[in-house]
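K.L.:
Go by the hints and put chain B onto chain A.
2 protein chains.
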Amino acid sequence: MTIRPGQKSDVPEILKLIHELAHFEKEPEAVKTTEEDLLRDGFSSTPFFHTLILEEEGEVQGMALYFFNWSTWEGRPSLYLEDLYVKDSARGKGFGRSLLIKLAQIAVEKNCARFEWEVLDWNQKARDFYHQLGAEYMEGWLPYRVEGEKLIALSERS
Amino acid sequence: MTIRPGQKSDVPEILKLIHELAHFEKEPEAVKTTEEDLLRDGFSSTPFFHTLILEEEGEVQGMALYFFNWSTWEGRPSLYLEDLYVKDSARGKGFGRSLLIKLAQIAVEKNCARFEWEVLDWNQKARDFYHQLGAEYMEGWLPYRVEGEKLIALSERS
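Sequence order for the protein chains is A and B. With the numbering used here applied, the first sequence has no gaps in its numbers, which climb one by one up to 158 at the end. With the numbering used here applied, the second sequence has no gaps in its numbers, which climb one by one up to 158 at the end.
Hints are computed from structural coordinates only; laboratory data are not their basis. Treat each hint with caution, since some may be false.
Because identical chains share one entry, a pair is satisfied inside a single copy or across any pair of copies.
For lysine-lysine, the following DSSO-like pairs were computed, each having C-alpha atoms within a straight-line distance of at most 27 Å [stated by the list, open to error]:
hint, residue 1, residue 2
1, K93, K150
2, K125, K150
3, K110, K8
4, K150, K102
5, K26, K87
6, K150, K110
7, K16, K26
8, K125, K8
9, K110, K32
10, K87, K102
Looking at chain A on its own, in the form it has when it is part of the complex (with noise of 0.2 Å):
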């Protein structure tokens, strides 16, 4: 098993793979992102994210899409993990693991202070595997979101 940055030519398996974490999220229709989009954001000389690519035997089996956040307490960066998966089929050998393990050596490397990422409240077996690795959920804290037609309103308020 190995793990390495992610390249133009994994843009296909990468959109994949969005796609089947967004099916497993029980929302198969969310995803809007095309793989021109994932190129001029992802790779570009200032790119908006990062990506990991685990193989094994030279297939893809997950990923994980991260970039970097600040924090005003901490007064350093924190490492955002956007997205983690791992295929259905190599579920069970530790590859998840594995990738929280190599994001958390790059938050290190960053000078980051912390590492973050968002679950869904109903996925018990990933918050269990996440308090297991030292995780902790940040009660009391709310997401907040203004999307879409609301977000052109509320730019076009005086």
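P.N.:
Structure of chain B alone, referenced to chain A:
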């Protein structure tokens, strides 16, 4: 009232506002950030964050600190608001609202599908205000985090 991008010379004032916000959030001792941290990570050629400064009659009255995330479902960046703060003495003038509208404009200009942030669950006044502006609480998604020594320990697992 004017809103403009922050610059290096605003760093002392930005840090002061970060401290005031932490005090309001009932975590006055939580801020480890220094002026050097803000200069290094916010004002280099590839900054981790951006700031907006709100001034009235030449005096700084508020600020926002934000950065760009990326959504694997939308295939586009998101604007993430880390901190929004208006001085106690300048409340009730709509300055917070003006900063949020400006951020929504930046989000739209930068092709973002979403404008996101987190709020403390007990801050009902802020939550009501955000709902009025078209924001929704993303129920079901829980923030998780590994930090400090637990992050180092995770990075050293094999």
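K.L.:
Run every hint past the structure and note whether it holds.
P.N.:
Results for each hint:
1. Taking the shortest alpha-carbon separations for K93 and K150, only the inter-copy value of 23 Å comes in at or below 27 Å, while the best intra-copy value is 43 Å.
2. For the identical chains of this complex, K125 and K150 are inter-copy neighbours only, at 20 Å across copies versus 34 Å inside a copy, given an alpha-carbon limit of 27 Å.
3. Taking CA atoms no more than 27 Å apart as the test, K110 paired with K8 passes in both settings, with 23 Å inside one copy and 23 Å between copies.
4. When the C-alpha separation of K150 and K102 is checked against a cutoff of 27 Å, the pair qualifies only between copies, where the shortest distance is 14 Å, while the shortest distance within a copy is 38 Å.
5. Taking the closest pair of Cα atoms, K26 and K87 come within 27 Å of each other only inside a single copy of the chain (16 Å); across copies the shortest separation is 43 Å, beyond that limit.
6. Taking the shortest alpha-carbon separations for K150 and K110, only the inter-copy value of 16 Å comes in at or below 27 Å, while the best intra-copy value is 36 Å.
7. In this assembly of identical chains, K16 and K26 lie within 27 Å of each other by CA distance solely inside one copy; the values are 16 Å within and 44 Å between copies.
8. Taking the shortest Cα distances, K125 and K8 never come within 27 Å of each other, neither inside one copy (32 Å) nor across copies (46 Å).
9. Within a single copy, K110 and K32 get their C-alpha atoms only as close as 31 Å, which misses the 27 Å cut-off; across copies the closest is 18 Å, which meets it.
10. In the homo-oligomer, the alpha carbons of K87 and K102 lie at most 27 Å apart inside one protomer (18 Å), although the nearest pairing across protomers, at 41 Å, exceeds that limit.
Violation of the numbered hints given earlier is confined to hint 8; every other hint is satisfied by the structure.
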